[in-house]
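S.K.: Residues per chain, in single letters:
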Amino acid sequence: MTASGAAARRAARSGPSAATPGFLAKQARIFGALIVRETYTRFGRDNIGFAWIIVEPVMFTLAVIVLWTAVVEKQGGHDVPIVAFLLTGYMPLQMFRHGVMHLLRCMQVNAELLYHRDISVLIMYLARLFTELIGAFGAFVITTTLFVLWGLADPPVDIPFMIAGFLVYMFFVCGIAILIGALSERSELVEKLWPPIGYITVPLSGTFYLLHWLPPEARDILVWFPLVTGIEMIRGGYFGPDTPVYYEWEAAVITSMVVLALGLFVLRGARRHVEAS
Amino acid sequence: MIRAIDIVKDYPVKGGARRVLDHVSFEIGPGERLGVLGRNGAGKSTLVRILGGVEKPSSGRIERDMSLSWPLALHGGFHGSLTGLDNIKFVARLYDRPVDEVLDYVADFSELGRFLREPVKTYSSGMRARLAFGLSLAIDFDCYLIDEVIFVGDQRFHAKCRHELFEKRADRAIVLVTHDPHILGAYCNGALVLHGGRAKLFLDIGVALEVYAAL
Chain A
182 MTASGAAARR AARSGPSAAT PGFLAKQARI FGALIVRETY TRFGRDNIGF AWIIVEPVMF
242 TLAVIVLWTA VVEKQGGHDV PIVAFLLTGY MPLQMFRHGV MHLLRCMQVN AELLYHRDIS
302 VLIMYLARLF TELIGAFGAF VITTTLFVLW GLADPPVDIP FMIAGFLVYM FFVCGIAILI
362 GALSERSELV EKLWPPIGYI TVPLSGTFYL LHWLPPEARD ILVWFPLVTG IEMIRGGYFG
422 PDTPVYYEWE AAVITSMVVL ALGLFVLRGA RRHVEAS
Chain B
115 MIRAIDIVKD YPVKGGARRV LDHVSFEIGP GERLGVLGRN GAGKSTLVRI LGGVEKPSSG
175 RIERDMSLSW PLALHGGFHG SLTGLDNIKF VARLYDRPVD EVLDYVADFS ELGRFLREPV
235 KTYSSGMRAR LAFGLSLAID FDCYLIDEVI FVGDQRFHAK CRHELFEKRA DRAIVLVTHD
295 PHILGAYCNG ALVLHGGRAK LFLDIGVALE VYAAL
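Chains as they are written, first to last, in my numbering: chain A, 182 to 458; chain B, 115 to 329.
I should point out that these hints are in silico values taken from the structure, not numbers from a laboratory.
C-beta: ideal position from N, C-alpha, C; glycine also.
Just so you know, not all the hints are guaranteed correct.
Calculated pairs, EDC-like style, for lysine to aspartate or glutamate (alpha carbon to alpha carbon, straight line, at most 20 Å) [claimed, not checked]:
id: 1; chain 1: B; residue 1: LYS203; chain 2: B; residue 2: GLU177
id: 2; chain 1: B; residue 1: LYS203; chain 2: A; residue 2: GLU219
id: 3; chain 1: B; residue 1: LYS314; chain 2: B; residue 2: GLU146
id: 4; chain 1: B; residue 1: LYS128; chain 2: A; residue 2: GLU369
id: 5; chain 1: B; residue 1: LYS170; chain 2: A; residue 2: GLU293
id: 6; chain 1: B; residue 1: LYS235; chain 2: A; residue 2: GLU293
id: 7; chain 1: B; residue 1: LYS314; chain 2: B; residue 2: GLU324
Over the 10 Å line for every Cβ pair with chain B, so calculated as not near, a few chain A residues [said to hold, decoys possible]:
id: 8; residue: VAL236
id: 9; residue: ILE300
id: 10; residue: PRO425
All chains should be modelled from the sequences, with the hints used to inform the complete structure.
M.R.: And the structure:
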């Protein structure tokens, strides 16, 4: 190897460290490599895993429809299309639950990745979140399409508004998942505590109600929860203007930004807490 | 050049901290081969992991202006439930190398054949070593971080590693953690002896081995 060859190798490899285009291109490359890897580990090479995240909500929704038609409707149920109501509640809830769950101790679990020093903990987190959220959103689209084709649901009315709702919802999921994940790297207690906390927060996620059904006092409080606002927007977009929804998206975005900033702050020191084996 | 500047590493233990590395400084230039000697628990692996950026030092810093491999050891760097092939593709993408070329090289070097389609967690130590070694050679670093435990396996694999790394790539720098006086004498032109958190650099391997034996 000649000296110029060695210099070329160096130039090709030691990336710039500031926020230059070269740095961003490198991060994008690492992110892409991680996404492919995440897709294999999360969903498997045979795609059974991805099929499952569609089969699961389809089965859940069908089961609830049976219950609903057998019990609830006879007692005079609410005037809302049940299938679409369940899909717009259950799929975002899965984003929230899986998003946080899969970031618990994400760095410790993937310690072998830290052997490749260009992989930062943040980009590990982002790659996993991205895979999880895009997977769940894809499952929502496919599942909804299936139910529409089967004639069990009407297609969404205002798709851009629905997607805006998803973005608001997912932004908060990103913030809370990074915060809880970063805390779990420091303390195993967080990992143990999350499942019960996750269940307790389900009522605060807006999954099983429209704010319109609730007394105004409850509505005025719950609307400030980012997940509730997100779901209301998703449903407002899906059902169209005939269904009254309540949302405070600016507050949701600001809350999410604060949570995300906290999460990034806690995550910054996380790498010191790993002892890679 | 790779520079370790005033590295300190403390690990939390019951009732305080244990200092594994205590103000360690040294540097490695292109083509230099440094053996790292030390008793069990002297901080050899910790030092290599800090050099490689796997762990952060408690204080001090590492400057790297040549490309540096990940620490080649029996563990780390691979995802157990992914196949050898998927791991190779991932690492090739990560280090921005043409995936096909890397695959061909590693398949040829490692002689793993159909095992490349099996999850890495099913591999024996020797198979892991062949995969790790082949892959790092395919990526082609300026400096290699190697834990001698990776020299498991048969004589033929040893000979192949020696040929590929020490002869064909004689211009590459190497940091080699070892207990083996023979490897040290044959391939290293300097030795770092770790003891009590301190590091001492010897350019005479014979002297280094005497000091190490006297610890």
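S.K.: Name the hints, by number, that the structure is in violation of.
M.R.: 1, 9
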